[in-house]
Amino acid sequence: MTPPILEVSGLGIAFGGLRAVDDLSFRAERNAVTTIIGPNGAGKSTVFNLISGALSPRAGKVTFDGRDCTGAPPHRMRTLGLGRSFQITSLFPDLTVFENLRLASEVLEPRSRWLLPVSRSPIALARADALLSRFALTGRADELAGALSHGEQRRLEVAMAIAAEPKLLLLDEPTQGMSHGDTEETAELIRSLAADLSVLLIEHDIGLVMTISDHVVVMHQGRKLAEGAPAAVRADPAVQAAYFGHA
Amino acid sequence: MVEAATGPVADPARGARPIDRIGLAMRASHLLALLLLAGCLVFALVAWRTGDVFYLRLATEALIFAGLALSVDILLGYTGLLSLGQALYFGLGAYMSAVLLRSGWSFAGVMAAVLLGATVVSFLGGLIVSRVRGVYFALITFGMAQVAAKAVYNTRELGASDGLIGVPIVKIALGFTTVSSDSPIGFFLFVLGFMVLLYLALSYLLDTPFGRILIAIRSNERRVPFLGYQPQRARLCAYVAAGIVAALSGALYPMLRGFVSPELMSFTTSGNAVITVVTGGAGTLVGALYGSVILTALRSVIGSWTSHHLIVIGLIFMAVVIFFPRGLIGVIRARLESWLVRRRTR
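First to last, the protein sequences are chains A and B. Going by our numbering, the first sequence opens with residue 7, and the numbers climb by one from there. Going by our numbering, the second sequence opens with residue 34, and the numbers climb by one from there.
Honestly, I wouldn't trust all of these hints.
Claimed, not checked - Heads up, incomplete: computed chain B residues facing chain A, CB under 7 Å, no partners named: (1) 51; (2) 240; (3) 252; (4) 259; (5) 260.
Stated by the list, open to error - Computed spacing ranges between beta-carbons, pair by pair: (6) B:378 to A:116: 28 to 36 Å; (7) A:217 to B:266: 36 to 44 Å; (8) B:351 to A:121: 36 to 44 Å; (9) B:139 to A:116: 23 to 31 Å; (10) B:266 to A:16: 27 to 35 Å; (11) A:47 to B:156: 38 to 46 Å; (12) A:155 to B:88: 49 to 57 Å; (13) A:116 to B:56: 20 to 28 Å; (14) B:233 to A:217: 51 to 59 Å; (15) B:56 to A:202: 31 to 39 Å; (16) A:213 to B:375: 24 to 32 Å; (17) A:72 to B:375: 48 to 56 Å; (18) B:180 to A:202: 50 to 58 Å.
Note that these hints are calculated values from the structure, not bench results. Cβ coordinates follow ideal geometry from the N, Cα and C atoms, glycine included.
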């Protein structure tokens with residue numbers, strides 16, 4: 007059996023006295039949607055930062071695609087096949103939508119084309135075109151990314167994360183601030199993405215989590231509270247108390 | 034995700050490749066550069082017919098400092114790094130050139146040596162400064178240039194505070210003709226051609242994936258590593274490229290003036306280059322060329338009326354920053370660019 011795409015064991019980091027992530031272990035299976043849920047401040051985005059290389063863990067191990075990648079820098083993780091989107095949209099606001107996607111696709115080109123004009127990067131150009139139509143941004147291709155609506159920026163954010171054809175995609179609250187209709191479309195999109203890659207998701211919309219996840223990890227105050235199939239997690243009394251309970 | 038048709042500019046008939054705005058902006062720069070080139074040639078013709086020397090020499094100097102401004106623009110306009118010490122490399126090129134010419138080296142030998150020297154020195158400097166950004170980058174580049182200037186100022190072998198004089202006239206063999214550095218018109222045309230080549234080389238470099246990463250760093254550096262690139266390494270490469278451009282330009286200075294002085298490495302020189310780029314328009318390349326020509330002309334014209342010309346130039350600079358934050362040429366280029374976009378979409 008092939009190893010899981012991602013395995014995290016005993017992961018920990020502290021900021022000052024706060025244990026943001028504490029002894030966290032879970033796995034993300036291939037071609038599946040694994041979702042991390044938990045109240046605000048549970049440490050979810052910190053886990054993403056630890057996996058994607060934005061932060062180095064103080065303890066524990068990150069095994070990506072059968073390889074120990076603990077503390078590898080972001081560009082290295084990207085090269086190994088990790089793509090991520092950000093909770094707070096992080097685009098190149100003064101470049102066009104197309105140029106944002108072209109930049110994100112450029113790593114698909116062989117290095118030998120790096121000092122040729124960009125018009126001679128056929129793979130990246132074709133990839134950016136394909137992403138424009140897949141994410142319904144074709145009509146906005148020539149707009150500056152900073153001029154897009156919030157929903158469009160969120161879509162572009164996801165499109166850039168998958169541009170370089172990652173094996174594992176980390177999506178940090180892709181539906182943040184989206185309307186109900188857009189959220190449903192995003193759910194559909196995530197499902198379709200899981201057909202050919204693995205997805206690790208942070209999401210607040212519980213309805214969405216329950217319908218699209220194969221596996222759910224619940225975090226609370228930096229620790230893992232529970233994990234399992236969506237229905238089982240939902241039924242767990244400890245989870246209900248910490249997360250669904252008393253609003 | 035199927036609402037493409039609701040986008041206000043959605044046009045299924047367009048079908049063509051999306052517009053490369055950065056490429057079009059560069060084309061707008063090319064048009065302006067062509068205009069400048071034509072202007073320079075007309076000026077050369079007039080000056081040649083009237084037998085002028087003073088203005089030809091002044092214009093040649095403007096073009097040489099335009100090279101230094103180009104180097105600042107790579108860092109400031111494209112990568113978003115404010116260098117307050119680019120004169121370090123200009124001075125390095127100038128001093129290397131002066132010393133080697135005095136030892137009887139040929140033009141080609143001098144330029145090759147300057148290229149090599151600038152690559153090594155800017156790589157070492159780049160290892161230091163590419164680790165930092167923002168105000169720290171500005172301060173460290175400033176500090177390195179000050180240290181180098183002081184070192185030169187106190188080195189008797191380099192003429193100390195007096196600089197080096199008596200740099201011999203150099204013959205530049207171009208294959209079809211030979212240009213002598215003491216021929217006002219010949220050397221002016223040579224420097225003009227040299228700057229055209231530098232401009233073309235840089236505009237080529239900035240249109241490659243490497244150049245686009247520099248622009249991405251300026252726009253949002255934090256996202257860049259997650260696209261698979263190392264911003265620090267790209268900043269280092271940009272710094273080396275800028276160092277080479279500054280040094281090659283500086284190497285021409287002693288050929289024009291016959292001397293070098295520590296002034297060439299001073300903060301005044303670095304600061305003037307930044308003012309030149311901001312006045313012309315950062316991130317346009319061509320703005321650096323125009324900026325240098327405009328400021329040199331102003332300095333000469335206003336300087337002939339009053340000895341307080343720096344006050345006037347300071348006021349002009351302030352007015353440009355307030356009213357044309359994109360620079361004089363930046364404003365025109367933006368107009369030209371949107372005209373090119375309209376022509377493409379029609």
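Just pull the numbers of the violated hints for me, sorted ascending.
Violated: hints 9 and 16.
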